[in-house]
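Protein chains in written order, with the working numbering: chain A, 1 to 138; chain B, 139 to 273.
Worth double-checking, as some hints may not be accurate.
To be verified - Here are the computed lysine-lysine pairs in the DSBU-like style, where the Cα-Cα straight-line distance is at most 30 Å: (1) B:K261 <-> A:K129; (2) A:K130 <-> B:K266; (3) A:K130 <-> B:K261; (4) A:K129 <-> B:K266.
Unchecked claim - Chain B is faced by these chain A residues, among others (derived, beta-carbon under 8 Å): (5) F8; (6) S27; (7) N31; (8) A32; (9) V96; (10) A119; (11) M123; (12) G126.
Claimed, not checked - Simulated restraints on C-beta separations: (13) A:D112 <-> B:Q184: 19 to 27 Å; (14) B:K204 <-> A:A95: 18 to 26 Å; (15) A:D2 <-> B:I270: 13 to 21 Å.
Keep in mind that the hints were calculated from the coordinates and are not lab data. Please read all numbers here as calculations on a predicted model, not as lab measurements. Glycine is no exception: its CB is placed at the ideal position from the N, C-alpha and C atoms.
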Amino acid sequence: MDKLDAAFNFHQSALRLRSERQELLASNIANADTPNYKARDIDFNAALKGAMAGNSSLSLTTSKTSAEHLNGTNQGGPATGGADAPLFRPIIQGAVDGNTVDMDVERNQFTDNAIRYEASLIMLNGTIKKMLTAITGQ
Amino acid sequence: MSLFNVFNIAGSAMSAQSQRLNTTASNLANADSTTSANGLPYKAKQVIFSAVPMKDQASSGVKVNKVIEDNSPPRVLYDPKNPKADAKGYVTMPNVNVTEEMVNMISASRAYQNNVETMNAAKTMLLKTLTIGQS
Chain A
1 MDKLDAAFNF HQSALRLRSE RQELLASNIA NADTPNYKAR DIDFNAALKG AMAGNSSLSL
61 TTSKTSAEHL NGTNQGGPAT GGADAPLFRP IIQGAVDGNT VDMDVERNQF TDNAIRYEAS
121 LIMLNGTIKK MLTAITGQ
Chain B
139 MSLFNVFNIA GSAMSAQSQR LNTTASNLAN ADSTTSANGL PYKAKQVIFS AVPMKDQASS
199 GVKVNKVIED NSPPRVLYDP KNPKADAKGY VTMPNVNVTE EMVNMISASR AYQNNVETMN
259 AAKTMLLKTL TIGQS
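Next comes chain A alone, as it looks inside the complex (with noise of 0.2 Å):
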């Protein structure tokens, strides 16, 4: 990996996740009224670990709030992906129609992944801008 990529992969990295997770955000919102839809979420610290460390496919996992939850394997759910897919959130409220959208936290956190995301792209200006200027020399 030459210094040019070295410099611009963590920002390039942190972008790709943002944008993944702002997908699954978007899909919990628009699933907020379908019945039996559970809420899914990545791990983002863990995700960004995981993608410096060479991993080049997307590892993702659930957050856990408990040592005692399981390592789910994503069963049952309405997507079923592979073992490394993203899993399902902890049920804050629960719902007669068994849906675990949280409607608060998910714009909460579509917010959230937005700002990150923007702030992202203005560091990864910055960067740009620092490397243009040790080319030009000016």
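Chain A is fixed; fit chain B onto it per the hints.
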């Protein structure tokens, strides 16, 4: 490019919610229709949503799986002058629950707004992405 997928997801939810709103409108409009296409009183209709996995299998959009007829008992009204009244003077009215329909309508319109905002946020993010490297 997964941000473009947000458009598909939010779009599918918007069309599903608008179909729900359509059904609600039809139920409210026919709250007093004593005859429908099959000659019987109108029956309230409800949409059933289901999640559809997108191409990458991780995220999912929404579609209207089917439209079901509400099987709750009809309202019965005493109105002997009505030509549809039975021998005892009772008219069978549609089983539309107006309160339920109003709640459904508000829920559908809020869900629609949510998805519009989702789409706008994705659009802003994409436009900002296009400005990478510009001074």
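Comparing the hints with the structure gives:
Straight-line distance between C-alpha atoms of K261 (chain B) and K129 (chain A) comes to about 25 Å, which keeps the hinted pair within the 30 Å bound. Restraint check for K130 (chain A) and K266 (chain B): satisfied, since their Cα atoms lie roughly 19 Å apart, inside the 30 Å limit. For the given pair, K130 (chain A) sits about 28 Å from K261 (chain B) by alpha-carbon distance, which is consistent with the 30 Å threshold. As the CA atoms of K129 (chain A) and K266 (chain B) are separated by approximately 16 Å, the hinted pair is consistent with the 30 Å bound.
Given hint, F8 (chain A) at the interface with chain B, is violated; its Cβ is 10 Å from that chain's nearest Cβ, farther than 8 Å. Interface hint at S27 (chain A): satisfied, since its Cβ lies 4 Å from the closest Cβ of chain B, which is below the 8 Å cut-off. A hinted interface residue such as N31 (chain A) counts as satisfied when its beta carbon comes closer than 8 Å to some beta carbon of chain B; here the least separation is about 5 Å, so the hint holds. A least Cβ separation of about 6 Å between A32 (chain A) and chain B falls short of the 8 Å threshold, and the interface hint therefore holds.
Interface restraint check: V96 (chain A) against chain B, minimum CB-CB distance 14 Å, threshold 8 Å, status violated. Residue-level restraint check for A119 (chain A) is violated (minimum Cβ-Cβ distance to chain B is 11 Å; threshold 8 Å). At its closest, the beta carbon of M123 (chain A) sits 11 Å from a beta carbon of chain B; the interface hint therefore is violated under the 8 Å criterion. Nearest Cβ of chain B to the Cβ of G126 (chain A): about 11 Å, over the 8 Å cut. The hint is violated.
At roughly 35 Å, the beta carbons of D112 (chain A) and Q184 (chain B) sit outside the given window of 19 to 27 Å. In this structure the supplied range 18 to 26 Å holds for K204 (chain B) paired with A95 (chain A), their Cβ-Cβ distance being about 21 Å. For the pair D2 (chain A) and I270 (chain B), the supplied restraint of 13 to 21 Å holds, since their beta-carbon distance comes to about 19 Å.
Hint compliance for this structure: hints 5, 9, 10, 11, 12 and 13 are not met, and every other hint is.
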